[in-house]
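Visitor: Sequence:
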Amino acid sequence: MKDLLTIHPTAKDFHDMWKRACDTVSKCINEAKEYRKQRYDKTHMEPDFKEGDQVLVSTQNFDNLKGPKRMRDSFVGPFTIIKPIGKFFNVYN
Numbered sequence: 001m002k003d004l005l006t007i008h009p010t011a012k013d014f015h016d017m018w019k020r021a022c023d024t025v026s027k028c029i030n031e032a033k034e035y036r037k038q039r040y041d042k043t044h045m046e047p048d049f050k051e052g053d054q055v056l057v058s059t060q061n062f063d064n065l066k067g068p069k070r071m072r073d074s075f076v077g078p079f080t081i082i083k084p085i086g087k088f089f090n091v092y093n
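Using our numbering, read the sequence shown as starting at 1 and increasing by one per residue.
Derived by calculation from the structure, the hints in this document are not laboratory data. Quick caveat: nothing in here was measured; it's all calculated off a predicted structure. By construction, the Cβ of each residue, glycine as well, lies at the ideal position given by its N, Cα and C atoms.
Below, a list of computed lysine-lysine pairs in the DSSO-like style, where the Cα atoms sit at most 27 angstroms apart:
1) K12 / K27
2) K33 / K19
3) K50 / K83
4) K37 / K27
5) K27 / K42
6) K87 / K42
7) K37 / K87
8) K50 / K87
Using C-beta positions, here's what the derived DEER-type ranges look like:
9) T59 / T24: 38 to 48 angstroms
10) T10 / S74: 53 to 63 angstroms
11) Q60 / V25: 31 to 41 angstroms
12) G86 / H15: 44 to 54 angstroms
13) D16 / I85: 51 to 61 angstroms
14) M45 / F75: 11 to 21 angstroms
15) R72 / T24: 44 to 54 angstroms
Let the sequences and hints guide you as you build the complete structure.
Guide: Next up, the structure:
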């Protein structure tokens with residue numbers, strides 16, 4: 001790469017311009033990441049489910065449902081929470 005930069009002077013200009021552009025893009029991406037994190041942390045609240053609460057269960061990862069995916073219900077339930085186990089819950093219908 002150094003040989004090319006010494007052979008042609010505009011190659012060095014292009015290299016410098018390219019490096020500045022990459023640095024600017026990297027800086028913008030990091031600022032956007034930080035902004036998104038701040039917004040998420042400011043507005044996100046973990047659900048506070050307790051024993052006895054009624055909940056709906058997402059069917060997104062259910063493979064045993066019949067029919068085409070677009071015709072299936074997105075959620076099933078309501079189910080009653082029997083016992084919280086960490087961030088998961090035992091439920092019954």
